[in-house]
Amino acid sequence: MQVENFSEEHHSEDHGNLNLCPYDGVLPAELDKKLCHVLIERQESQIVELEAELHHAHSKLQEKEAELQALKNCVKRLSEFSLANEEIEDKEEDMKKRDGVDQEKLGFDPTKSMVGMKRTMDDE
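Once you know that position 114 of the sequence shown is 114 in full-length UniProt numbering, the rest is easy, because the numbers rise by one and skip nothing.
Hints are computed from structural coordinates only; laboratory data are not their basis.
You may find that some hints are simply not true.
List time: in silico DSS-like cross-link candidates among lysine-lysine, alpha-carbon distance up to 30 Å [stated by the list, open to error]: (1) Lys76 / Lys91; (2) Lys60 / Lys72; (3) Lys34 / Lys60; (4) Lys91 / Lys72; (5) Lys76 / Lys64.
What follows is a list of derived Cβ distance ranges for each label pair [said to hold, decoys possible]: (6) His55 / Leu35: 28 to 36 Å; (7) Ala29 / Lys60: 44 to 52 Å; (8) Val75 / Val38: 24 to 32 Å; (9) Arg42 / Asn73: 41 to 49 Å; (10) Asp99 / Ala70: 40 to 48 Å; (11) Asn73 / Glu51: 27 to 35 Å; (12) His58 / Glu92: 44 to 52 Å; (13) His55 / Leu31: 33 to 41 Å; (14) Lys96 / His58: 53 to 61 Å; (15) His37 / Lys60: 33 to 41 Å; (16) His55 / Val75: 24 to 32 Å; (17) Leu27 / Leu61: 31 to 39 Å; (18) Pro28 / Leu54: 32 to 40 Å; (19) Leu71 / Glu93: 31 to 39 Å.
Glycine included, every Cβ here is placed at the ideal spot set by N, Cα and C.
Hey, can you work out the whole structure from these sequences and the hints?
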């Protein structure tokens, strides 16, 4: 009879919401329930951390995409500028060729023209 009274006393006492078996043992179902609760809390905490990391990675990705787009725009402008310069240089060369042909027709020799230019000592 003492064993039954001892067992009833321990089952009725509150030990952190765990039911105790005779001789202060924890019931397997209660232990399993507590373990599941701890694991769920741990997983929820990990989920929150992973969501924060995901948000941070997404922000960094957006920054890198914006940086990439800016670089693409810069390359595009430089390419357009380079092509425009080539066209200008081609036009200048064409003009020089035409001017050279025109000057030859007129008998103009740019090496002999000294008006408004400094002469070196050997030209005298």
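Hint check, failures only: Going through the list in order, the structure violates hints 3, 8, 17 and respects the others.
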